[in-house]
Every structure is written in structure tokens, then in C-alpha cells.
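Colleague: Residues per chain, in single letters:
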Amino acid sequence: MIPANKTLDCVVEIGDIPIGLHTGDQHFFDLLCERYSGFLSSSRPDLQLDFDLIEPTPVSDDDVRVRRDGADWLFERGDFVARWNPVTGRGRVRQTTNPYALDSVLRILHSLVLASRGGFLLHAASGICDSRAFLFSGVSGAGKTTISRLAPPEATLLTDEISYVRPSAEGYSAYGTPFSGELAKAGENTVAPLAALFFLEKGPENRVDELPPAEAVRRLMRNILFFAEDAGLVDNLLATACDFVEKIPVRRLTFYPDSRVWDEIRDFEAMSTHA
Amino acid sequence: MPETYIARSSAIAARMLAGEMMVMNSMDSTFFTLNEVATAIWRAADGRTPLREIVHTQICEQFDIEPEQAERDAAEFVSELSQHGILLVSDQPLNSPEAAR
Numbered sequence: 001m002i003p004a005n006k007t008l009d010c011v012v013e014i015g016d017i018p019i020g021l022h023t024g025d026q027h028f029f030d031l032l033c034e035r036y037s038g039f040l041s042s043s044r045p046d047l048q049l050d051f052d053l054i055e056p057t058p059v060s061d062d063d064v065r066v067r068r069d070g071a072d073w074l075f076e077r078g079d080f081v082a083r084w085n086p087v088t089g090r091g092r093v094r095q096t097t098n099p100y101a102l103d104s105v106l107r108i109l110h111s112l113v114l115a116s117r118g119g120f121l122l123h124a125a126s127g128i129c130d131s132r133a134f135l136f137s138g139v140s141g142a143g144k145t146t147i148s149r150l151a152p153p154e155a156t157l158l159t160d161e162i163s164y165v166r167p168s169a170e171g172y173s174a175y176g177t178p179f180s181g182e183l184a185k186a187g188e189n190t191v192a193p194l195a196a197l198f199f200l201e202k203g204p205e206n207r208v209d210e211l212p213p214a215e216a217v218r219r220l221m222r223n224i225l226f227f228a229e230d231a232g233l234v235d236n237l238l239a240t241a242c243d244f245v246e247k248i249p250v251r252r253l254t255f256y257p258d259s260r261v262w263d264e265i266r267d268f269e270a271m272s273t274h275a
Numbered sequence: 276m277p278e279t280y281i282a283r284s285s286a287i288a289a290r291m292l293a294g295e296m297m298v299m300n301s302m303d304s305t306f307f308t309l310n311e312v313a314t315a316i317w318r319a320a321d322g323r324t325p326l327r328e329i330v331h332t333q334i335c336e337q338f339d340i341e342p343e344q345a346e347r348d349a350a351e352f353v354s355e356l357s358q359h360g361i362l363l364v365s366d367q368p369l370n371s372p373e374a375a376r
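If you read the protein sequences in the order shown, they are chains A and B.
Going by my numbering, the residue at position 63 of the first sequence is 63; the numbering climbs one at a time, nothing skipped.
Counting from 1 along the second sequence, just add 275 to a position and that's the residue number in my numbering.
Chain A with its partners taken away, still in its complex shape (with noise of 0.2 Å):
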């Protein structure tokens, strides 16, 4: 363990959950203002976190595990250990000082959270266009780098990996995250409206095409980041899921990969909002 001999304060907030990160250590406690300096907030934290760090190992490869353990949550993975409370909102964290396993964390409690409050995180790029929110989800070489990379300049990313949804008055919003894909740029810290959700598939020509509900369901479900085995918050997400499919378009898009895709997506908003 590396001893710890101060102690360093800072609240990072993501799709309006404020955590306040503490470390007693100054090389860490920087890494953290440096890595979600977008996200930097001085609000007063609904949640607590811990760091105690520990001595560098390799870059895990392990799968996460998330399982409760009395009333804690435990998250470990071969490069940090979590225990986290959801009653009194505070938890502890021993890992490296690697950012990955900092990003991992902070994932999983966002995701156990959210699953609670009718929200998740999905495996998608999103962004605002005409001040309404898009994700676009799929596999790995679906294209939610590419189309990251074709949206116009007065776009604004929210993130080209790790998209935030809540609900919210207008049915869903998307919020900027900081977690970042291959395009390893930080999304903007903002929210918009959900316009529609498209699941992405490159080819010769753009097109949409409705999904069947079931079918739009089975394709979130199957791109929410969820860790925990526990049926309870499964049983939430199910549920979220199925009112997401009944208030959001779901839509698959083929689209080939150069700026028209995007002429594509405002008009569908177009015809969407005009409906």
C-alpha cells in the first residue's frame, strides 16, 4: 500500500450525479482534475468515493464482477477492488493508479445507480445536432467512431463510446460523459432531449428502418452496460428498457460512411418532430 499522508478532495459530475472522489495522494488526486476536468463540479456530492491505491499491476484483461456482499456492493476486477453502500452512498476503492481502472469504477457505479433510477448506460456514440440528442449503438466496427468523426462542426459529441440516459420531462436525455473511445477525446459536459436511438450498420447506401419493438428492446438490452447479477435491477432495467422502446424511435441505420449519414439523421428528426 502507498502510504497516504494528505488529503485531496474533488466532485465529478456525470449526467447530474455528483461524486466526491478522495485520495491522499497528489500524483492521483491530478490524474483525476486532468482526466474529468470537464466534469469538475463544485456541487455537494450525493456519493462518496475512497481511493486507496496500490502498488502498479498489469492491465487486467480479467471480466468485472459485481455482486452484492451484505449490504455493499462489491465491484473487482484483476486491478481494483470496490465496496460501495447504496444506503449511505459512501465507498471504498483500492486500486492502481491506472485510469482505466479509475474509468471502470466510476462506470459501475453509475450503472448500479442508474439501473435504480430508470436510467443506463449504453455502448453507444451520442451527440446534439438542432439541439436534440442522437445515439447511435452497435457492435464493435459498427461505426459509432466513424460516425463520430462525420458530424458537422456544429455538432456537439457527447461521447463516441459510453453514451448516459435519463429520463427526463421530455421522455429521455443524453448527457456527455467522459469516457472516451478510439477517438480518445472527452465528450462535452451537457444534456439534450433523446431524439432517437439508431443502431448501426455500415453499407452501400443511408437508410432506416423501423425495428420491431421486441427487436429494439433485445438490441438495448443487449447494449446497456450492466455488471451486477441481480434480478431485482435487471427487472428495473427490463422495464426502463421497454418504456425507452415505447417514448424513443428506435431505428436501425445503414449508412455509408461519408457526411451524408448525417443529411440522413436530420431529415428523419425532420419528418419525426413534424409527424
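Careful: at least some of the hints might be erroneous.
[Unchecked claim] If we take Cβ atoms under 7 Å as the criterion, some of the chain B residues that face chain A in the derived model are:
#1 ALA286
#2 ARG290
#3 MET297
#4 MET302
#5 THR305
#6 THR308
#7 GLY360
[What the hints assert, rightly or not] Partial list, computed: chain B residues near chain A (C-beta under 7 Å):
#8 ALA288
#9 GLU295
#10 SER301
#11 LEU363
No lab work stands behind these hints, which were simulated from the structure alone.
Quick caveat: nothing in here was measured; it's all calculated off a predicted structure.
We treat Cβ as the ideally placed atom computed from N, Cα and C, and that holds for glycine.
Once you have looked at the hints, place chain B on chain A.
Modeller: For chain B alone, kept in the frame of chain A given last:
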């Protein structure tokens, strides 16, 4: 011939959307969409009613299917869902959390 009893597992989530029943196992995330006949069997899986009775009183009558065909289809459906831990199967009546409601 022994009876077969079926009950819904407590480790699953299920929702009806647009007339289709979706069932998901929370342990391994397997996801099934059930057709009308499978949904009727699913709903009747209370752990107390023998599968043969479910097939004859609900499936054959509601869906106008021959008993032999309906029993074969039901056995196949039950086998598949039980392999994924979604249905519990026994030759004795089962205590199901759903059945207790």
C-alpha cells in the same frame, strides 16, 4: 407416465410489449421473445399445474392445435427455457415465487 411440473425462475425479468412477452435471465443475460403459445405456457407455469394439463386445457383449446403436436412443441419449449434457467422443471410440484403470489 410421470407428470412434468414447470415454474418460472425467480432469477428472470419478464415484460409484455406490443403483444410480445420478453423474458431475460438476470444471471447470463439470455433474452427470449415468446410467441403467443409460449406466452400462454409461461403464464400458466405456476409449479402446481402439470404441463400436460396446461397443454390440454389452454393450448389445444385456445389455439386449436392437435394434442400430440402441442405436447411435442411444449416439451421442446420447456426444455430450451429450462436449459437457460428460465423455467424450473420437476416431476413433483414446485414452489415458485410467482406461484405464491
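Colleague: Please go over all the hints and tell whether each is borne out by the structure.
Modeller: Do the hints match the structure? See the list:
{"no.": "1", "hint": "ALA286", "result": "holds, 5 Å"}
{"no.": "2", "hint": "ARG290", "result": "holds, 5 Å"}
{"no.": "3", "hint": "MET297", "result": "holds, 6 Å"}
{"no.": "4", "hint": "MET302", "result": "holds, 5 Å"}
{"no.": "5", "hint": "THR305", "result": "violated, 10 Å"}
{"no.": "6", "hint": "THR308", "result": "holds, 5 Å"}
{"no.": "7", "hint": "GLY360", "result": "violated, 11 Å"}
{"no.": "8", "hint": "ALA288", "result": "holds, 4 Å"}
{"no.": "9", "hint": "GLU295", "result": "holds, 4 Å"}
{"no.": "10", "hint": "SER301", "result": "holds, 4 Å"}
{"no.": "11", "hint": "LEU363", "result": "violated, 14 Å"}
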